[in-house]
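Note that the protein sequences, when read in sequence, are chains S and E.
Position 1, counted from 1, in the first sequence is what the working numbering calls 1; the numbers after and before it change by one each time, with no gaps.
Position 17, counted from 1, in the second sequence is what the working numbering calls 17; the numbers after and before it change by one each time, with no gaps.
It is worth saying that the hints were derived from the structure and are not from the lab.
Wrong hints could be hidden among the right ones.
[Said to hold, decoys possible] 27 angstroms max Cα-Cα, derived DSSO-like pairs, lysine-lysine:
| # | chain 1 | residue 1 | chain 2 | residue 2 |
| --- | --- | --- | --- | --- |
| 1 | E | Lys-10 | S | Lys-30 |
| 2 | E | Lys-72 | S | Lys-66 |
| 3 | E | Lys-6 | S | Lys-66 |
| 4 | E | Lys-65 | E | Lys-79 |
| 5 | E | Lys-6 | E | Lys-65 |
| 6 | E | Lys-79 | E | Lys-4 |
| 7 | E | Lys-103 | S | Lys-66 |
| 8 | E | Lys-4 | E | Lys-103 |
| 9 | E | Lys-79 | E | Lys-10 |
| 10 | E | Lys-132 | E | Lys-79 |
| 11 | E | Lys-6 | E | Lys-103 |
| 12 | E | Lys-103 | E | Lys-72 |
| 13 | E | Lys-136 | E | Lys-4 |
| 14 | S | Lys-3 | S | Lys-66 |
| 15 | S | Lys-30 | E | Lys-4 |
| 16 | E | Lys-103 | E | Lys-136 |
| 17 | S | Lys-271 | E | Lys-10 |
| 18 | E | Lys-103 | E | Lys-10 |
| 19 | S | Lys-271 | S | Lys-137 |
| 20 | S | Lys-30 | E | Lys-65 |
| 21 | E | Lys-10 | E | Lys-65 |
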Amino acid sequence: MLKTFLSYLIFPGFLFSACAGLIACWIDRKVTARIQWRVGPPWHQNFTDIIKLLGKETIVPSDSSKWTFLLAPCLGVLGLILATTIIGRAALVPSESFLGDLIVVLYLLIIPAVAMIIAGASSGNPLASVGVSREMKLVLAYELPFLLSVTAVIIKCNGAIQFAGILNHQLNFASNIASFSGILAFVAALICMQAKLGLAPFDISEADQELMGGVLIEYSGLPLALFKLTKAMLLYTSPLLLIVLFFGKDLSLLFILLKFVGILVVFILIKNTNPRLRIDQALRFFWGPVTLLALLANGLALLGY
Amino acid sequence: MDFKLKALTKSIWVFHVSAGSCNNCDIEILDCLTPRFDLERFGIQLIGSVRHADAILITGAMNRKSVPRMKKIYEQAPKPCVVVAVGQCALSRHMFRFSYNVKEPLDNILPVDLYIPGCPPRPEAIIDGIVKLVNKIRENK
Ligand code: SF4
């Protein structure tokens, strides 16, 4: 019991993933700055931001529904911690994972987006509601190809829906990425993750220039800090999930770190070289080419490539 | 407390309002974020919503239309929040001081914490002003 709590709150769970996520956010800002030929913030910048937000006033708009407004950020963080803990435990001690934990994680990873939707809708701001509608469409758009690319992995691993099974299969044969279907599924999953993280070509719901923060426009102080933390932890969780699904052959610390930073830098490069899409373009993109890619990966996996 | 204050001065999120400027001051503010000056080194960021702001940056002479809106924006900002006036227009109404449309200077309307003179002020002057403000805040509390 105590061990469960500790792993939820401290090691692969909350504390660790928050720190790792904030560092990942710093890598994001630093690499972005270097791409733009700037120096960029110091490594503790994101920690400072969070601490600062904790010290600020929390404003609840008068025409929002108060409890929903304040509880939505907690929902996002709690759901995400659970997902992170399950993935982290599975990567550390594969024998402790349970049947179907992959499915559970897939569900839990939607919760941050759902929390954003609830938050924006409860804040009673017209710009936030535009952000909400875009976020909702985006979730519908990227979930389909993302789930398809995960099924390609499941087919490759002889129907394992457990992290232990997937890791075992990769350990015995080869990483999933070392096959045609694996490469295609990985590309599709990477693009979907980009949208899940709300990074540049798909930062449609936040859209600083037109929606001024979109869903988060009314948030300040502690709830805003929680949302920033959720974003940061997602930036740690999603590369980790991709590593477990596609690069599971060698999970020693150094290799995990290298793969993690590698995937992160790919995210950042995509972010910095692409302008934002409109929501209809994003929907067409995800349901068209990306879904086709994922379907192709499924077909190839079925044929054994 | 000191810890929080330090975090506050190390991560200033700026909300930029143009209350009727000629856009030159705004361009100089954007200059501060370019590779040459790169204010993100000090954790300073431009943000889109005033609810996230630690500093409100105002450029331009306050005309009749923008006065009530400025007051509203100031009320919406979460405290502690500082107000920075950039450019001669915001400081003293500049060449618009006899205009029918610009009744009173900014500091009669909002509590201004920092004045940065110039038409437009150079980015160096803006950075210098921010450093002075940060030092003042740290000494006062
Ligand atoms: S101070 Fe000068 S540059 Fe700035 S808004 Fe006024 S006229 Fe334009």
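Now the hints, each set against the structure:
no.	hint	verdict
1	E/Lys-10 x S/Lys-30	holds, 16 angstroms
2	E/Lys-72 x S/Lys-66	holds, 21 angstroms
3	E/Lys-6 x S/Lys-66	violated, 31 angstroms
4	E/Lys-65 x E/Lys-79	holds, 25 angstroms
5	E/Lys-6 x E/Lys-65	violated, 37 angstroms
6	E/Lys-79 x E/Lys-4	holds, 13 angstroms
7	E/Lys-103 x S/Lys-66	violated, 39 angstroms
8	E/Lys-4 x E/Lys-103	violated, 39 angstroms
9	E/Lys-79 x E/Lys-10	holds, 16 angstroms
10	E/Lys-132 x E/Lys-79	holds, 20 angstroms
11	E/Lys-6 x E/Lys-103	violated, 38 angstroms
12	E/Lys-103 x E/Lys-72	holds, 18 angstroms
13	E/Lys-136 x E/Lys-4	holds, 16 angstroms
14	S/Lys-3 x S/Lys-66	violated, 35 angstroms
15	S/Lys-30 x E/Lys-4	holds, 24 angstroms
16	E/Lys-103 x E/Lys-136	violated, 30 angstroms
17	S/Lys-271 x E/Lys-10	holds, 26 angstroms
18	E/Lys-103 x E/Lys-10	violated, 36 angstroms
19	S/Lys-271 x S/Lys-137	holds, 20 angstroms
20	S/Lys-30 x E/Lys-65	violated, 41 angstroms
21	E/Lys-10 x E/Lys-65	violated, 34 angstroms
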